[in-house]
Amino acid sequence: MAYSEKVIDHYNNPRNVGQLDKASTEVGTGLVGAPECGDVMRLQIKVNPDTQVIEEAKFKTIGCGSAIASSSLATEWVKGKTVEEALQIKNTDIVKELSLPPVKIHCSVLAEDAIRAAIGDWKKKNGVAEPAAAAVN
Amino acid sequence: MAMTQTLAQSATPVCWSCGSAHEAHAQLCGSCGKLLPPVDADYFALFGLPRRLTLDVPALEKQFYRLSRRLHPDLYAQASEQERQWSLEKSSLLNDAWRTLRDPIARTEYLLELEGIALEEQSRNATDAARAAGTAKQQIVPPDMLEEVFELNMQLEEARMAAQDDSGDPELVANLHAAEKNYSAQMEALHTQLEQLWSAWDTALTAGDATAQEEAKQSLVALLNRRSYIRNLVRDVRQALDSIAVNRGENADKG
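Protein sequences appear in the order of chains W and S. When you read off a place in the first sequence, starting at 1, and then add 13, the result is the number in the working numbering. When you read off a place in the second sequence, starting at 1, and then add 603, the result is the number in the working numbering.
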């Protein structure tokens, strides 16, 4: 299996590995799985309640190099974005950035799922219902 | 699939060499024994089987060897270019079919694929739907299962680190052995359930009961999804136990 250089870099130096306080109202947690391969990914975000900017992101992934790289990249990308901006990240963006081969596309899907799940959890905690309602700056 | 049906329904095919009629999926002409051109057949049809999941594997193996002897490229070394090509194509298809059908999981996944269920595609489509709706994706596997995978892996990491500096906590190792036993038992239970679902599918197929077939398919998908997590847990626990054993061995040598 030939991993791209970017995958190897993220795999060897994963960014933002760790955990945030799950109980905090500012933290959203996404725990998702890819049944095709049995990989599991947890991605957490800490959102500034005033600006809705994601100030902190952490992940922990049980899976292959591509899954780890995809989640590492996802945490880098969501940081500094608003919740709504982060929802625009597509798995295909991750595929492109990491040059993932077709058999590893599901890893990028998992990362997108994790972002959505984390944001979904944060919205639920904070009673944010509709995506359009968040466009206050 | 549509293609196979058309062939089966169309006029009986005839041998290209002697013109005798033969069955749609025959490999060799019954009259002159010449190799027949490849037809678009699924792996079950290749062996003349209905799409039943309960399979007599030893019988299939005999049939595989019998067929592969007859189709083997060595037999056609002196034949026409066309026949040599057919022999190669058919032999390679036969090998793929045997490798897929003999394996319980590969066979089940293959049937689901034939029936229009591609697991990975399904997952990707669900993500696309979630993105379009601006929501989180509905997870196929219950969150408890994911939590369990997470927790066990934390334990494994701890165990690996402990093993490296030989502080190998006996309680931790005992936990791992218990986990190994637990997940292996779950794998076995899943296999029993799988065989039950095979029967459910086979019965529904024979009865032509579309609703029951759909139910069986969905249950098979759920089982395979769950199984991939348990399989990884068994694999990871065994790897951790192995590395602990190796480290201990090395440390014992040093001491």
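Bear in mind the hints are in silico, worked out from the structure with no lab data behind them. All residues carry an ideal CB built from backbone N, CA and C; glycine is no exception. One thing to keep in mind: the hints can contain errors.
[Claimed, not checked] Restraint-style ranges between C-beta atoms, simulated for each label pair:
no. : chain 1 : residue 1 : chain 2 : residue 2 : range
1   : S       : L826      : W       : V30       : 31 to 37 angstroms
2   : S       : Q741      : W       : V141      : 17 to 23 angstroms
3   : S       : E817      : W       : E39       : 43 to 49 angstroms
4   : S       : R655      : W       : P62       : 37 to 43 angstroms
5   : W       : V116      : S       : P641      : 47 to 53 angstroms
6   : W       : E39       : S       : T657      : 49 to 55 angstroms
7   : S       : A792      : W       : N61       : 43 to 49 angstroms
8   : S       : H794      : W       : V141      : 21 to 27 angstroms
9   : S       : Q741      : W       : G93       : 27 to 33 angstroms
10  : S       : Q688      : W       : K109      : 28 to 34 angstroms
Verification of the hints:
1. L826(S) / V30(W): 31 to 37 angstroms: Because 33 angstroms falls inside the window, the suggested range holds.
2. Q741(S) / V141(W): 17 to 23 angstroms: holds (19 angstroms)
3. E817(S) / E39(W): 43 to 49 angstroms: holds (44 angstroms)
4. R655(S) / P62(W): 37 to 43 angstroms: Because 58 angstroms falls outside the window, the suggested range is violated.
5. V116(W) / P641(S): 47 to 53 angstroms: violated (27 angstroms)
6. E39(W) / T657(S): 49 to 55 angstroms: The hinted range 49 to 55 angstroms holds for E39(W) and T657(S), with Cβ atoms some 54 angstroms apart.
7. A792(S) / N61(W): 43 to 49 angstroms: The hinted range 43 to 49 angstroms holds for A792(S) and N61(W), with Cβ atoms some 47 angstroms apart.
8. H794(S) / V141(W): 21 to 27 angstroms: Given a distance of about 45 angstroms, which is not inside 21 to 27 angstroms, the answer is violated.
9. Q741(S) / G93(W): 27 to 33 angstroms: holds (29 angstroms)
10. Q688(S) / K109(W): 28 to 34 angstroms: The hint (28 to 34 angstroms, Cβ to Cβ) is violated, given that Q688(S) and K109(W) are roughly 40 angstroms apart.
Violated hints, in rising order: 4, 5, 8, 10; the structure is consistent with all others.
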